[in-house]
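Each residue of the sequence shown is one higher than the one before, counting from 411 in my numbering.
Hint data in this document are derived by calculation from the structure and do not stem from the laboratory.
Predicted model only: the values in this text are computed from it and were never measured.
There's no promise every hint is true.
Unchecked claim - Straight-line distance between alpha carbons at most 20 Å, and here's what the computed EDC-like set of lysine to aspartate or glutamate pairs gives:
1. Lys525 <-> Glu492
2. Lys548 <-> Glu560
3. Lys493 <-> Asp473
4. Lys565 <-> Asp532
5. Lys565 <-> Asp522
6. Lys493 <-> Glu550
7. Lys434 <-> Glu467
8. Lys457 <-> Glu444
9. Lys434 <-> Glu444
10. Lys434 <-> Asp473
11. Lys565 <-> Glu494
12. Lys453 <-> Asp413
13. Lys490 <-> Asp473
14. Lys493 <-> Asp522
15. Lys453 <-> Asp532
16. Lys525 <-> Glu571
17. Lys457 <-> Asp413
18. Lys457 <-> Glu518
19. Lys574 <-> Asp522
20. Lys493 <-> Asp532
21. Lys470 <-> Glu494
22. Lys525 <-> Glu444
23. Lys429 <-> Glu492
24. Lys490 <-> Glu560
25. Lys574 <-> Glu542
26. Lys548 <-> Asp532
27. Lys482 <-> Glu428
28. Lys525 <-> Glu497
29. Lys490 <-> Glu550
30. Lys453 <-> Glu550
31. Lys457 <-> Asp522
Claimed, not checked - Now the in silico label distances, taken between C-beta atoms and shown as ranges:
32. Gln427 <-> Pro478: 17 to 25 Å
33. Phe568 <-> Pro452: 34 to 42 Å
34. Asp437 <-> Glu571: 19 to 27 Å
35. Ser419 <-> Tyr475: 15 to 23 Å
36. His539 <-> Thr566: 19 to 27 Å
All C-beta atoms, glycine included, are put in the ideal place defined by N, C-alpha and C.
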Amino acid sequence: MIDLTPYHSSWPTLYQQEKIVLLKHIDHWINTIEHIGSTSVPKLTSKPIIDILIGVESLKIADQYIIPTITKLNYSYIAKYEKELPERRYFQRLNHQGQHTHHIHLVETTSDFYKSHLLFRDYLRAHSHVAEQYAQHKLELAPQFTDSNEYAHAKTHFIQETLKQARQWHQSAFNN
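Model the full structure from these sequences, guided by the hints.
Spelled out as structure tokens, the structure:
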């Protein structure tokens, strides 16, 4: 079963603390650093993992400089997912019990991955009723899965439908 936790007020602080550490080491190579995923949305039930989105101008810079630097900060670089998502560099940090505590998603700021993750987060933050629906959906799915990748795949339809709404919201809110 996937471990979901009620929202914890420490999650934004944990993100900010990690952001400070990351910026000390990679600030000169990156464009942005953002808190994404369910832990970035107030009151949203989540796996207790801090997801961090780092935006860069070019993955060439990431491959040459950022990957070696981040791996020195107690993160594991997981290259195997690049077969499915070649536009992303992915890192995990585990605690002493082997549980995931942080994930870093390193992408170009022009990528759909970058834009859609920020849009999804911002839409859930602005629409608490949709965030509540998402939490309920996750709570229904969690007992059905033990594999995180299968669980993530099962959420895809809800996320894609929400992104359609989010794009309309963004266009009406920011293009008028």
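Do the hints match the structure? See the list:
At most 20 Å may separate the alpha-carbon atoms for a hinted pair to count; lysine 525 and glutamate 492 meet this at roughly 18 Å. Distance hint between lysine 548 and glutamate 560 is fulfilled; the C-alpha atoms sit about 12 Å from each other, no more than 20 Å. Distance hint between lysine 493 and aspartate 473 is fulfilled; the C-alpha atoms sit about 15 Å from each other, no more than 20 Å. Between the alpha carbons of lysine 565 and aspartate 532 the distance comes to roughly 18 Å, so the proposed pair stays at or under 20 Å and holds.
Restraint check for lysine 565 and aspartate 522: satisfied, since their Cα atoms lie roughly 18 Å apart, inside the 20 Å limit. As the CA atoms of lysine 493 and glutamate 550 are separated by approximately 29 Å, the hinted pair breaks the 20 Å bound. Straight-line distance between C-alpha atoms of lysine 434 and glutamate 467 comes to about 18 Å, which keeps the hinted pair within the 20 Å bound. Proposed proximity of lysine 457 and glutamate 444 is supported: the alpha carbons are some 18 Å apart, at most 20 Å.
Our distance criterion of 20 Å between C-alpha atoms is met by lysine 434 and glutamate 444, whose separation comes to about 15 Å. A hinted pair counts as satisfied when its Cα atoms are at most 20 Å apart, and lysine 434 with aspartate 473 qualifies at roughly 18 Å. Proposed proximity of lysine 565 and glutamate 494 is supported: the alpha carbons are some 17 Å apart, at most 20 Å. Restraint check for lysine 453 and aspartate 413: satisfied, since their Cα atoms lie roughly 16 Å apart, inside the 20 Å limit.
For the suggested pair lysine 490 and aspartate 473, the alpha carbons sit about 14 Å apart, so the restraint of at most 20 Å is met. A distance of roughly 17 Å separates the Cα atoms of lysine 493 and aspartate 522; the hinted pair therefore holds under the 20 Å criterion. A C-alpha spacing of about 14 Å is found between lysine 453 and aspartate 532, which places the hinted pair at or below 20 Å, so the restraint holds. The straight-line distance between the Cα atoms of lysine 525 and glutamate 571 is roughly 16 Å, inside the 20 Å bound, and the hint therefore holds.
For the suggested pair lysine 457 and aspartate 413, the alpha carbons sit about 6 Å apart, so the restraint of at most 20 Å is met. For the hint linking lysine 457 to glutamate 518, the alpha-carbon distance of about 25 Å lies beyond 20 Å, and the restraint is violated. Between lysine 574 and aspartate 522 the CA atoms are separated by roughly 13 Å; this keeps the pair inside 20 Å, and the hint holds. The suggested pairing of lysine 493 with aspartate 532 is violated, with an alpha-carbon distance near 28 Å, which exceeds 20 Å.
Distance check on the hinted pair: lysine 470 and glutamate 494 sit about 18 Å apart at the alpha-carbon level, within 20 Å; holds. Pair hint lysine 525 plus glutamate 444 holds up; C-alpha atoms about 11 Å apart against a cutoff of 20 Å. Distance hint between lysine 429 and glutamate 492 is unfulfilled; the C-alpha atoms sit about 24 Å from each other, more than 20 Å. Distance restraint check for lysine 490 and glutamate 560: the Cα-Cα separation of roughly 16 Å lies within the 20 Å cut-off, and the hinted pair is therefore satisfied.
At roughly 17 Å between alpha-carbon atoms, lysine 574 and glutamate 542 fall within 20 Å of each other, so this suggested pair holds. The hinted pair formed by lysine 548 and aspartate 532 meets the criterion: a straight-line CA distance of about 18 Å does not exceed 20 Å. For a cut-off of 20 Å, the pair hint linking lysine 482 to glutamate 428 stands: about 14 Å separates their Cα positions. Proximity of lysine 525 to glutamate 497 is assessed by CA-CA distance (about 13 Å); at most 20 Å being required, the pair is judged to hold.
A distance of roughly 29 Å separates the Cα atoms of lysine 490 and glutamate 550; the hinted pair therefore is violated under the 20 Å criterion. Between the alpha carbons of lysine 453 and glutamate 550 the distance comes to roughly 17 Å, so the proposed pair stays at or under 20 Å and holds. The straight-line distance between the Cα atoms of lysine 457 and aspartate 522 is roughly 24 Å, outside the 20 Å bound, and the hint therefore fails. Against the hinted window of 17 to 25 Å, the Cβ-Cβ separation of glutamine 427 and proline 478 comes to about 22 Å, which satisfies the hint.
The hinted window of 34 to 42 Å between phenylalanine 568 and proline 452 is violated, with their beta carbons roughly 19 Å apart. At roughly 36 Å, the beta-carbon separation of aspartate 437 and glutamate 571 lies outside the given 19 to 27 Å, and the hint is violated. A beta carbon spacing of about 35 Å between serine 419 and tyrosine 475 contradicts the range 15 to 23 Å that was offered as a hint. A beta carbon spacing of about 21 Å between histidine 539 and threonine 566 agrees with the range 19 to 27 Å that was offered as a hint.
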